[in-house]
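Novice: Could you put together the complete structure from these sequences and hints?
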Amino acid sequence: MKFGLFYEISIPRPWTPEKERTVYNNCLEQVKLADELGFDHVWAVEHHFLEEYSHCSAPELFLTACAMITKNIQVGHGIVVCVPEFNHPIKIAEKTATLDILSGGRLHVGTGRSATWTELGGFRANPDTTKKSWDEFVRCLPKMWMQETFAYQGEFWSMPERTILPKPYQKPHPPMWVAVTSPGTEIDAADRGLGSLGLSFAGFEEQEKKIREYRRRIKQCEPVGAFVNEQVATTNFLFCHEDEKTGVEMGKRLGNTFNYLATQLISTREVYSSPSYQSLGLLPALRRAATGPDASEQQTEGMAYGDPARIIRAVKKWESLGVDCINFILNANEVVPQEQVMASLKLFAKEVMPHFAKKPAAKVAAE
Amino acid sequence: MPLYGTLDITQNTKALPTLANLDTEAWTLPKAEMLQLLIEVPRSTTDGLLPKAMHPALPSYVALAVTRYSDSPVGSFNLAVLRLGSRAGAHPRGFLLGAVASSEAAAKELKGRWGLPVEAGEVKFLRRHDRVSGTVRKTGKTILDCALIDPQPVAGSDVQYINWVTAANAPLDGQTQPLLIQVDPKYTFYKAERGKPQVATFDAAAWNAASLQLADPIVGTCCTVDTDLPRIRFVMDPIKPVFQGTRRIRESRADE
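Sequence order for the protein chains is A and B.
Residues in the first sequence are numbered consecutively from 1, following my numbering.
Residues in the second sequence are numbered consecutively from 1001, following my numbering.
No wet-lab data here; the hints were simulated from the structure.
There may be inaccurate statements among the hints.
What the hints assert, rightly or not - In silico BS3-like cross-links for lysine-lysine, where the CA-CA straight-line distance does not exceed 27 Å: (1) A:Lys131 - B:Lys1196; (2) A:Lys252 - B:Lys1240; (3) B:Lys1196 - A:Lys132; (4) B:Lys1052 - B:Lys1240; (5) A:Lys317 - A:Lys346; (6) A:Lys131 - B:Lys1191.
Unchecked claim - To list a few chain A residues with every Cβ distance to chain B over 12 Å, as calculated: (7) Pro17; (8) Leu37; (9) Glu60; (10) Leu61; (11) Lys95; (12) Ile101; (13) Thr163; (14) Ile187; (15) Asp188; (16) Glu205; (17) Arg215; (18) Gln220; (19) Glu222; (20) Ala314; (21) Met342; (22) Pro354.
All C-beta atoms in this analysis are idealised placements derived from N, C-alpha and C, irrespective of residue type, glycine included.
Specialist: Shown next, in the form of structure tokens:
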């Protein structure tokens, strides 16, 4: 089992330059500590216009800062929006390669397509075609990283032959993932040989079913890159405290705050009728299912908050379902004071981490 | 925490519809044809339109809807409404700003039973091959002329309708007081189409939203549905955040 941090970078109103800077600095301080404590990953989302919920619109800059102050922790784009109105694929290839070089080969590249009208409408992107453009982008990226020269003519973008520079430090290229929120995306991940970057806290039973299907399908995949990245990651809240009651109370406060902010987002499905967005595809509904007043005991048990013993039980359950990595959200709207976030990380590393042996990444060379 | 609305409906209770009770019976409304256009609006133009208890949708948007109800307890009628996209706590809602019904009887019942801010007027629903259009005239003046252009079939499951909230005076705990009332129709889809919204005329003041300006169109739909106007299940304090001020009036329907 691997452990990571997952950043949306949530900033409460009223916004001041100092407040945004403070929250960013808090995040960097957490990442530095997590690196020293032996956490494996730090992921950062790409979101735009999502007031209070996420002020992380330039994750590559945040992750570069993370890489510069750490030694071992791997840095993950979680995710790069693969929609042409958001990001040109050439720029994605160039920026990720640069970050891989600067981090000394510690980059993971998560991919996705955005789920909110707030963002898609903001960029005047067509929700009907985001899955198609994502598919095109993830097939091009490895070639752009690996080939000396690259030319392309597709439905969503094209380019004449050029040399895309720089090339990633990792060879053949950084591991690739896809964000899995909408039902069925785990199949898309498996079929392309991509890691499944789960952003939901769905119940144990549902997760087990998804993981089983992912493992089955990926055995027959045709990887878009040079290797299969067979890994399943999930997201969770983390608040670890010596006293179980205190830990659970603060963890619930964190979860409820995060969920309340998430429910304020306008999902694409809410306003734009499209077969491309059949489900909310968003964190809110799934996360609310796990932490809201109607959450089953089983779902609540899966949350990584409470005392170390309780968290160990939760993590062991996820491990038994086949989860390779859990990425933790540490704060939302700064409801957890920074010193308590830091103490929680230290206690987790001291009391919980030793119970989970690390496995090497499943990196299988493609034929 | 998220932004809140700024409208204090308790300051002008005389302008609100008044319900005799919260026990209105449900209406079954079969084979209704619903034209709905969603359009973004500048946030600054929605100031003062949303009750203090609710959160604004970000970005701000409105739903312009013109519906042909072919059958109801007061006969067939057309209804046009303007709803402001919002949140009641964690739930997406459309706050009713204004409405026009094509018959006096429908207007009276909708106002008195569910608290719709509705007046009688001329409401037309017109289907052509290249468009579905709705026009509304009140006191001799056109206040809405809109259309769904180039409708294309989609699945009913692609369409999501948001529940409504109305502001009205209603008796609760022995006292008639201003309340927010949740109106949550059900829908069974027979046909659904999607297209581009077009608005030729929109008189914001006639919809009780003088400052409102339409900006970027999102999408338009036209659906044939069996729907209803159900019994009132939830009312909300108009001042308190809804997670503190919501009251359940009766249990949910058996099929929910």
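Novice: State for each hint whether it applies.
Specialist: Evaluation of the provided hints:
Distance hint between A:Lys131 and B:Lys1196 is fulfilled; the C-alpha atoms sit about 21 Å from each other, no more than 27 Å. Taken as a hint, the A:Lys252 and B:Lys1240 pair is honoured in the structure, with Cα atoms around 23 Å apart against an allowance of 27 Å. About 22 Å separates the Cα atoms of B:Lys1196 and A:Lys132, which keeps this hinted pair within 27 Å; it holds. About 7 Å separates the Cα atoms of B:Lys1052 and B:Lys1240, which keeps this hinted pair within 27 Å; it holds.
For the hint linking A:Lys317 to A:Lys346, the alpha-carbon distance of about 22 Å falls within 27 Å, and the restraint holds. The straight-line distance between the Cα atoms of A:Lys131 and B:Lys1191 is roughly 25 Å, inside the 27 Å bound, and the hint therefore holds. A cut-off of 12 Å between C-beta atoms confirms that A:Pro17 is not in contact with chain B; the least separation is 20 Å. Once the 12 Å rule is applied to beta carbons, A:Leu37 is consistent with being away from chain B; the minimum gap is 32 Å.
With 12 Å as the threshold on Cβ separation, the claim that A:Glu60 sits away from chain B holds: the shortest Cβ distance comes to roughly 25 Å. Against chain B, the non-interface label of A:Leu61 holds: every CB pair exceeds 12 Å, the least being about 24 Å. Distance check on A:Lys95: its Cβ is at least 28 Å (rounded) from any Cβ of chain B, clearing the 12 Å threshold; non-interface status holds. In this structure A:Ile101 is separated from chain B by more than 12 Å, as the shortest Cβ-Cβ distance comes to about 38 Å.
Residue placement check: A:Thr163 keeps its beta carbon more than 12 Å from all beta carbons of chain B (closest about 40 Å). The non-interface label for A:Ile187 is consistent with chain B: the shortest C-beta to C-beta separation is roughly 19 Å, beyond 12 Å. Non-interface status of A:Asp188 relative to chain B is upheld: no Cβ of that chain comes within 12 Å, the nearest being about 20 Å off. With a cut of 12 Å on Cβ distances, A:Glu205 stays outside the contact zone with chain B, its closest approach being about 23 Å.
No beta-carbon of chain B comes within 12 Å of the beta-carbon of A:Arg215; the shortest separation is about 29 Å. With a closest Cβ-Cβ approach of about 30 Å to chain B, A:Gln220 is found to remain outside the 12 Å limit, as its non-interface label requires. The beta carbon of A:Glu222 sits about 30 Å from the closest Cβ of chain B, which is more than 12 Å, so the claim that it is off the interface holds. At the 12 Å boundary, the C-beta of A:Ala314 stays outside the reach of chain B, the nearest C-beta of that chain being 24 Å off.
Consistency note on A:Met342: stated as away from chain B, and its beta-carbon is indeed over 12 Å from all of that chain's, at 25 Å minimum. For A:Pro354, the requirement that its beta carbon stay farther than 12 Å from each beta carbon of chain B is met, with the minimum near 38 Å.
In terms of the numbered hints stated before, the structure departs from none.
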